[in-house]
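Chemist: Here's the letter readout for the chains.
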Amino acid sequence: MPKPSAEKLLHLEQSMNAIRDEVIADLGDRDAKHIHKIIRIQRSCEVSGRLLLMFGFNPIPWVLGACLLGLSKILETMEIGHNVMHGQYDWMNDPNINSKTYDWDTACPGESWKETHNHEHHTYTNILGKDRDYGYDLLRLTHKEKWHPANLFQVIYYGLLSVFFQWGVALHELNFGGILKGEISLKEKKPFLKQFGRKGARQIFKDYIFFPLIAGPFFLPVLLGNIVANLIRNLWTSTIIFCGHFPGEVETFSIEECENETKGHWYYRQMLGSANFQGSTLLHTLSGNLSFQVEHHLFPDLPAHRFAEISPKVQKIAKELGIPYHTGSFFKQYGSVLKRIFVHSFPEPKTA
Amino acid sequence: MLNTQNKNTWLYKAYTEFSMALVNNANIKSYVEPLIQPLFPLWSANDYRAQVEQVRSESKNCYTLVLKPTKKWPGFQPGQYVELQVIKNGAKVSRCFSISSAPELYTQFGRIELTIRAQNKGRITPWLQQALNESSTVGLSAAQGDFIIKDRSRPILMIAGGSGITPFRSYLHSQAHTALTQKASLLYYTRYQNEHLFKQELNRISDGNKNLNTHLISTAEMGHFSLKQMKQQCPDYLDYDIYICGPNSMIVEVNKLLLKAKVNENNIYIERFGPAPVDFSKLKKAGTVNFSQSRKSAKLGSNTNLLDLAENNGLQPESGCRMGICHKCSCRKKSGVVYNTLTDSYSDTGQEDIQLCVSVPVGEVTIEL
Numbered sequence: 002m003p004k005p006s007a008e009k010l011l012h013l014e015q016s017m018n019a020i021r022d023e024v025i026a027d028l029g030d031r032d033a034k035h036i037h038k039i040i041r042i043q044r045s046c047e048v049s050g051r052l053l054l055m056f057g058f059n060p061i062p063w064v065l066g067a068c069l070l071g072l073s074k075i076l077e078t079m080e081i082g083h084n085v086m087h088g089q090y091d092w093m094n095d096p097n098i099n100s101k102t103y104d105w106d107t108a109c110p111g112e113s114w115k116e117t118h119n120h121e122h123h124t125y126t127n128i129l130g131k132d133r134d135y136g137y138d139l140l141r142l143t144h145k146e147k148w149h150p151a152n153l154f155q156v157i158y159y160g161l162l163s164v165f166f167q168w169g170v171a172l173h174e175l176n177f178g179g180i181l182k183g184e185i186s187l188k189e190k191k192p193f194l195k196q197f198g199r200k201g202a203r204q205i206f207k208d209y210i211f212f213p214l215i216a217g218p219f220f221l222p223v224l225l226g227n228i229v230a231n232l233i234r235n236l237w238t239s240t241i242i243f244c245g246h247f248p249g250e251v252e253t254f255s256i257e258e259c260e261n262e263t264k265g266h267w268y269y270r271q272m273l274g275s276a277n278f279q280g281s282t283l284l285h286t287l288s289g290n291l292s293f294q295v296e297h298h299l300f301p302d303l304p305a306h307r308f309a310e311i312s313p314k315v316q317k318i319a320k321e322l323g324i325p326y327h328t329g330s331f332f333k334q335y336g337s338v339l340k341r342i343f344v345h346s347f348p349e350p351k352t353a
Numbered sequence: 444m445l446n447t448q449n450k451n452t453w454l455y456k457a458y459t460e461f462s463m464a465l466v467n468n469a470n471i472k473s474y475v476e477p478l479i480q481p482l483f484p485l486w487s488a489n490d491y492r493a494q495v496e497q498v499r500s501e502s503k504n505c506y507t508l509v510l511k512p513t514k515k516w517p518g519f520q521p522g523q524y525v526e527l528q529v530i531k532n533g534a535k536v537s538r539c540f541s542i543s544s545a546p547e548l549y550t551q552f553g554r555i556e557l558t559i560r561a562q563n564k565g566r567i568t569p570w571l572q573q574a575l576n577e578s579s580t581v582g583l584s585a586a587q588g589d590f591i592i593k594d595r596s597r598p599i600l601m602i603a604g605g606s607g608i609t610p611f612r613s614y615l616h617s618q619a620h621t622a623l624t625q626k627a628s629l630l631y632y633t634r635y636q637n638e639h640l641f642k643q644e645l646n647r648i649s650d651g652n653k654n655l656n657t658h659l660i661s662t663a664e665m666g667h668f669s670l671k672q673m674k675q676q677c678p679d680y681l682d683y684d685i686y687i688c689g690p691n692s693m694i695v696e697v698n699k700l701l702l703k704a705k706v707n708e709n710n711i712y713i714e715r716f717g718p719a720p721v722d723f724s725k726l727k728k729a730g731t732v733n734f735s736q737s738r739k740s741a742k743l744g745s746n747t748n749l750l751d752l753a754e755n756n757g758l759q760p761e762s763g764c765r766m767g768i769c770h771k772c773s774c775r776k777k778s779g780v781v782y783n784t785l786t787d788s789y790s791d792t793g794q795e796d797i798q799l800c801v802s803v804p805v806g807e808v809t810i811e812l
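Which chain is which? The protein sequence lines are A and B, in order. Each residue of the first sequence is one higher than the last, beginning at 2 in the working numbering. Each residue of the second sequence is one higher than the last, beginning at 444 in the working numbering.
Since the hints were made in silico from the structure, they are not lab data. Take the hints with a grain of salt, since some may be wrong.
Said to hold, decoys possible - Capping the alpha-carbon separation at 27 Å, the derived lysine-lysine pairs in DSS-like fashion look like this:
id, chain 1, residue 1, chain 2, residue 2
1, B, K535, A, K115
2, B, K456, A, K115
3, B, K503, A, K190
4, B, K699, A, K115
5, A, K101, B, K777
6, B, K456, A, K101
7, B, K742, A, K264
8, B, K456, A, K207
9, B, K535, A, K101
10, A, K191, B, K456
Unchecked claim - Derived, one-sided and incomplete: chain B residues facing chain A with beta-carbon distance under 10 Å:
id, residue
11, E460
12, K531
13, N532
14, A534
15, G763
Note that beta-carbon positions come from the ideal geometry of N, C-alpha and C, so glycine has one too.
So here's chain A without its partners, still in its complex pose:
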């Protein structure tokens, strides 16, 4: 797709800034109530889920407990952790809902996440070679990347990444690919490894040692319940993240294309590099409103529950300027992701 003119990009910049300013000016009680409500629901789910698991292998409480704990983890990771750590609620001046202090219920240390995600991924979105979120150094998702025989099995890698997603995300800052290539040394990553070790140990202690132990004779059911809850969360968050950036039509950029880029071009790149999916309010909430990935990438620090309101305005501007706005049903987008992972497992047939 040809790049829009400088004039169009400036128009885009001004229109997007205007949407942002309008929301910022309107922040208040409604947003505070929203996040307080989600936090209350999440913590109720966690407490009741953990209690139910203590009833042993009694199937109804066990299934219910594992699901409630999984739901708690989904809400905590997405609508609370991800969004709070973006600074969406920093204006509330509440030390418990602040990006400076919040750490989430995953193996990934908050500090590390804020660097690799908030800074690197959100600044260099979908720039090949700069945004390491693109394919996570693991998957080949565009013909612009060279094929390697290891890519043949990338569907399996994807499956494993999804199952252990919180650990994949946690180790992201390590830049394993860079270490293998000798671009960086393991020594440089020592402070990170220490941070990771501490956070990982805490998560393991909580889910797989402490709560199973206090269940006494029901050690095993509680342990299994926690494993299942983490699995539910891992699969779900991985799916949402992949739907946000890797459906078929989402574009990538080269470093050269983005040199000295304007804010307008940055907005343009965010729109092309992200994809939404449609669904009910419940689906949006469970995805941390990352179902509005386009809006989230345009305005990473606006409270995510606002995206549904500003989406029509963003779509209108996209239409006016002829910029694609990627959206579709959840299943269409996810199907497209799976297809893309599969197709790029193989080298492109040599054509002229």
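Put chain B on the given structure of chain A with help from the hints.
Modeler: Same frame as chain A, now just chain B:
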């Protein structure tokens, strides 16, 4: 449950580590606070809370909040202040106010009073009077500050301006309970004669005690504080401990005159309302500030502290009192020198935590923000 005052005990460290592992928060109570507070609004994980019992108008632009703190609240001495925390349009705001009631009111009835001037163009103080009512709860810090009567055997001279009467009211009421034993004089300045807060009370306390002289002075009629006035009301002022509370401009002026009159600096005690003014003529060069995390850089305009500067540049550091008390806006300084308007001193050049709201950069400064 746990002594959180001493953060170095192994027990505290173990609890914190355990709590971090369980809920990724240093205090498990903070994690369950959102579940408990809707049922028990006076319960709080870290802070003290208080029930608003009454909002009483004192004058055209002053009002008193009558508060009933929770039992855990540790009490206070006359002259101390508290940080009051409220939610305004979803955001936590806090302001510091001197307690204007006697400790006896607290020990006997569990109540404290804060007397507040609705600041002209203020963001919080005029709103607070409307927003709070008998069903409100507020956050409250422990009493802080050292503007307390140091030596009960020496005579004291109290100089108050406007709402600066509040800490003295606490002291005088308390003395009224116990019968004043030390000699005391009060010079209370307002612009007009009818603007003195608690006029009847003050006169009543004064009438009942021969050791206490109060003088309610209108600056419109009598002029601002002068040595002549002081000598008239309190001829042996050199033997007195002198306590001053009021607006900055008044404090600066009175302090200057007292030093000129050879009053020993150690005998002067000051409580400021509002941040200390910056003498910009003292600063050699205007500061440039780099905010390292947000990769922004800004030049200091006129009379701006680092907190305002950061906010003007679209950053949202945590903030609280905006007068250098609550340390909510404390931030890591990576390098450079800042001038602290509260302590009247320059910082070290290396890494340290500074309070943004009372810091002015000198030369180039890098802040982790």
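Chemist: Checking each numbered hint in turn, tell me which of them this model violates, lowest number first.
Modeler: 3, 4
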